[in-house]
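Enquirer: Here's the letter readout for the chains.
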Amino acid sequence: MTYYLTTVLVYAAVDILACLAISLQFGVSGIVNFSFIIFQAAGAYTAAVLSLPRDTANGGFQTYILGLNLSFPLPWIAATLVGALLAPPIGLVVLRRLRSDYQAIAMLVLSVIASLVVTNTPAFLDGAAGLSLVPQPLSDKFNPYSEAYLWAYTAGALILAVIVFFIAQRIINSPYGRSLRAMRENEVAAKALGKNAVALKMTVFVVGGAIAGLSGAILVGFITTWAPSTWLYPETLILFAAVIVGGRGNNYGAVLGALLVPVGFEEATRYLPPFGPPGLIPALEWVCIGGLILGFLWFRPRGVLPERRRVFPPRRQVAEVGNPSASRD
Amino acid sequence: MSLIVAAFGFGLVSMSIIAISAVGFTMQFGITNMINLAYGQVMIASAYAAYALNNAGVSIWLSLPVGAIFGAVFSFLLNRLVYAPFQRKGTNLIGMVIISLAVSLVIANVMLPIVGYYSVSYHQDPGTTYHFGSIALTGEQILIIALAVVVMLAIYALLRFTRLGKAMRATAANPTLARNCGIPTARVVDLAWLITGALCGVAGTVAGMNSDSFSVASGSEFLIPIIAASILGGAGSPYGAMIGAVIIGEMTEISAAIISPEYKQVVAFAVLVLVMVLRPQGLLAKRGALAAAG
Amino acid sequence: MPVETDADPVTPVAGRPALDQPPPLLVAQHVSRHFEGVRAVEDVSIDVLPGRITGLIGPNGAGKSTFLAVLAGTLPASSGRIIFDGHDVTALPAFRRARRGLVRTFQLPSEFAQLTVLENLLAAAPDNRGDTLRGALLGKRYWKGDEDRLVEQARVLLDRFRMSAKESDYASSLSGGQKRLLEIMRALMLQPRLLLLDEPMSGVHPSIIGDIADYCEALRDEGLTILMVEHELHMIERMANPVVVMAQGSVIGQGTMAALRQQREIVDAYLVG
Chain A
1 MTYYLTTVLV YAAVDILACL AISLQFGVSG IVNFSFIIFQ AAGAYTAAVL SLPRDTANGG
61 FQTYILGLNL SFPLPWIAAT LVGALLAPPI GLVVLRRLRS DYQAIAMLVL SVIASLVVTN
121 TPAFLDGAAG LSLVPQPLSD KFNPYSEAYL WAYTAGALIL AVIVFFIAQR IINSPYGRSL
181 RAMRENEVAA KALGKNAVAL KMTVFVVGGA IAGLSGAILV GFITTWAPST WLYPETLILF
241 AAVIVGGRGN NYGAVLGALL VPVGFEEATR YLPPFGPPGL IPALEWVCIG GLILGFLWFR
301 PRGVLPERRR VFPPRRQVAE VGNPSASRD
Chain B
1 MSLIVAAFGF GLVSMSIIAI SAVGFTMQFG ITNMINLAYG QVMIASAYAA YALNNAGVSI
61 WLSLPVGAIF GAVFSFLLNR LVYAPFQRKG TNLIGMVIIS LAVSLVIANV MLPIVGYYSV
121 SYHQDPGTTY HFGSIALTGE QILIIALAVV VMLAIYALLR FTRLGKAMRA TAANPTLARN
181 CGIPTARVVD LAWLITGALC GVAGTVAGMN SDSFSVASGS EFLIPIIAAS ILGGAGSPYG
241 AMIGAVIIGE MTEISAAIIS PEYKQVVAFA VLVLVMVLRP QGLLAKRGAL AAAG
Chain C
1 MPVETDADPV TPVAGRPALD QPPPLLVAQH VSRHFEGVRA VEDVSIDVLP GRITGLIGPN
61 GAGKSTFLAV LAGTLPASSG RIIFDGHDVT ALPAFRRARR GLVRTFQLPS EFAQLTVLEN
121 LLAAAPDNRG DTLRGALLGK RYWKGDEDRL VEQARVLLDR FRMSAKESDY ASSLSGGQKR
181 LLEIMRALML QPRLLLLDEP MSGVHPSIIG DIADYCEALR DEGLTILMVE HELHMIERMA
241 NPVVVMAQGS VIGQGTMAAL RQQREIVDAY LVG
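Residue numbers (the numbering used here), protein chains in the order written: chain A, 1 to 329; chain B, 1 to 294; chain C, 1 to 273.
I should point out that these hints are in silico values taken from the structure, not numbers from a laboratory. Take the hints with a grain of salt, since some may be wrong.
Chain B stretches covered by chain A per the calculated footprint, using a threshold of three residues with CB under 8 Å from any CB of chain A [said to hold, decoys possible]: (1) 58-68; (2) 106-119; (3) 256-267.
Computed footprint of chain A on chain B; a stretch qualifies when at least three of its residues, placed anywhere within it, have a C-beta under 8 Å from a C-beta of chain A [said to hold, decoys possible]: (4) 225-238; (5) 270-281.
All residues carry an ideal CB built from backbone N, CA and C; glycine is no exception.
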């Protein structure tokens with residue numbers, strides 16, 4: 001029971017992080033990052049190969065680069081950094097000159113290709129089989145199978161999610177967030193008003209990448225395995241579905257979406273009695289995800305919790321008196 | 001060296017298949033301003049439609065028209081029932097891309113339980129193998145190349161000489177203006193989806209014929225060289241897509257011979273990245289989406 | 001800065017001799033813009049004198065909007081030079097020109113639809129400490145001072161343009177004319193030196209056209225320089241001096257509207273009909 005609960009909660013924290021990042025990129029800034037999942041994967045692989053011993057250990061049944069056997073929290077910090085550093089090269093190719101829908105398909109293709117490359121290069125990250133036996137953080141000091149450890153891990157993951165939530169809140173409620181939203185609404189006009197759209201997009205891309213990298217590290221530290229099958233491009237679409245359902249541009253909406261869609265679906269199907277041939281339920285799940293996107297975009301495009309309208313407090317009386325000269329002609 | 005020449009021969013087949021599919025893909029974009037990411041899945045669905053007939057004992061060449069008709073009707077309905085309503089609602093470009101990806105996911109996973117999870121192969125007779133120096137092509141492969149040439153000429157004739165083709169070009173260049181000039185743009189768009197859908201169906205079936213086997217998962221694999229060829233040529237330009245297909249088809253096959261077949265798609269992607277950095281508008285710059293030849 | 005032009009020299013305003021003329025705020029030298037062989041703008045050279053409203057008129061397709069876009073940096077020039085306030089800005093991207101005080105509006109409504117009217121103005125304001133990632137992360141205390149100041153500044157503008165009641169409405173809900181005003185206010189938030197207005201009166205209810213003209217004249221009288229593309233000729237006649245006429249990508253004449261009416265080829269090209 002502890003294992004089940006902590007698993008659900010860690011997944012929730014990871015999905016919340018991912019949805020906050022997607023909401024920041026897509027909801028606030030209008031960037032459709034269809035390669036989001038590779039940022040998460042980059043973080044997970046980084047954390048894995050930094051915390052794993054050399055690949056000759058464990059009988060050498062898997063091959064991978066590095067294997068530095070670093071102790072926590074270095075692998076997590078590195079994962080966050082790698083997620084962030086992956087953003088500029090991709091952003092420089094994709095985000096500068098292409099039309100918004102081109103950007104999206106370029107990143108989609110990138111996601112498919114990255115998965116192909118990793119799958120077909122076993123010496124890099126063990127190919128299709130993926131990495132396993134990834135040491136849990138601090139597993140040399142604590143028993144990672146004890147209830148206390150599981151709960152501590154869960155608490156840590158949730159605390160990180162809360163911290164990132166507040167960071168995201170600061171961003172979207174600031175003048176900077178307003179510039180991002182202005183760019184989303186009309187990029188050409190924003191540029192004509194002095195906004196450096198490329199720089200705005202790049203920073204959001206980097207911040208989102210860092211969050212994605214961290215989320216990957218949290219997940220791989222808990223489930224201890226990571227393989228290409230866990231980061232195929234449709235996984236990104238689940239997160240988009242979550243943000244569209246929850247409400248893009250609203251961080252509470254991102255959290256709600258994360259709990260309803262990825263977490264909710266996973267848990268709901270767990271309790272379904274098995275029916276049909278094997279593979280039918282996952283297929284139907286995907287149909288539902290696609291249907292959710294279409295349904296929400298049609299009936300409620302702004303989601304359950306839409307971006308809120310920002311109303312400024314009325315001016316103080318002094319100001320009113322102070323400006324009688326406001327000319328009216 | 002002979003290996004590369006042989007690969008060049010395979011490249012001729014690859015480019016033929018990519019050309020048929022990429023012309024359909026890029027015309028959808030040119031005429032309706034819509035990047036249809038479900039294109040690969042419609043290809044696969046059409047390939048399975050042809051397979052149903054083929055599996056019942058009909059020759060694959062006779063099943064090919066069924067694939068074409070299936071692709072045409074499917075694409076037409078897809079636009080009528082999903083894309084067009086969303087576009088009328090004012091959904092922006094980004095929204096439409098997300099919608100087409102969601103549609104792609106739905107098609108793939110509705111198909112899975114119906115057609116199964118395993119790869120299938122057409123029952124076909126590849127025919128005698130003909131040798132041209134180091135190039136070895138089966139009769140079937142030669143027919144695929146011939147089919148592609150016929151299709152390209154037909155598209156050229158359609159756009160160049162027919163009233164429908166001119167109406168399509170006008171609609172692509174400026175739908176509002178075209179409508180004001182009395183062009184029935186709604187009907188033009190319907191016909192465009194039928195024609196490009198048929199191309200999609202043909203492409204899916206011949207792609208199935210040219211590969212040892214195919215499955216639902218092949219859809220997204222098909223899509224990458226198509227996107228690469230379309231963007232390389234200049235999105236929306238059918239002639240650009242043809243040139244793109246030639247380059248991508250040959251490059252992927254020759255690199256497969258030199259490096260490794262697993263990296264075929266990676267080469268297509270590398271070309272795509274280069275184009276995006278150096279010339280995002282593609283080789284034939286987009287002018288009114290469907291630029292006239294000559 | 002003396003510039004060779006094929007067109008007539010600018011007619012001096014009565015009472016202000018040419019000798020005393022201040023240097024132009026913006027100089028366009030032989031500016032061209034080609035789209036794949038189509039010469040949208042061909043070798044256009046004009047001076048924009050400070051403190052005036054310069055009108056830019058011409059038939060549809062004359063290249064006026066394209067020229068404006070090239071001046072603002074929305075479109076790069078194919079050739080030619082643009083000198084703003086003594087600096088060559090030809091190579092600068094649009095956002096840098098805007099930061100130097102060269103700000104444009106758009107022919108089509110370009111409001112930030114899902115931002116409120118007040119937010120539209122605030123989004124345009126420069127010099128907000130919270131308008132960087134770092135500033136945002138430092139929190140509200142760090143940027144609240146700037147924000148309050150800019151809110152105040154925006155509200156003064158809203159008052160002046162009689163839009164205060166709409167402050168918290170989404171910009172998408174405004175009428176065509178209100179969107180025009182919003183765009184002008186938004187540009188004014190940058191405290192521009194030169195305002196490029198692209199048909200500020202098109203798609204506007206006739207009753208508001210006069211208001212927009214009033215606002216433009218008031219801004220000019222406060223020292224703002226304006227270059228305005230417009231089809232409402234009687235308004236151009238009232239406000240603008242000089243007026244530049246473009247046709248088929250080139251300048252075919254300039255001077256006061258009254259002087260232009262005397263020139264037969266210009267009347268033939270545009271003013272009739």
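Enquirer: So which of those numbered hints doesn't the model satisfy?
Expert: 1
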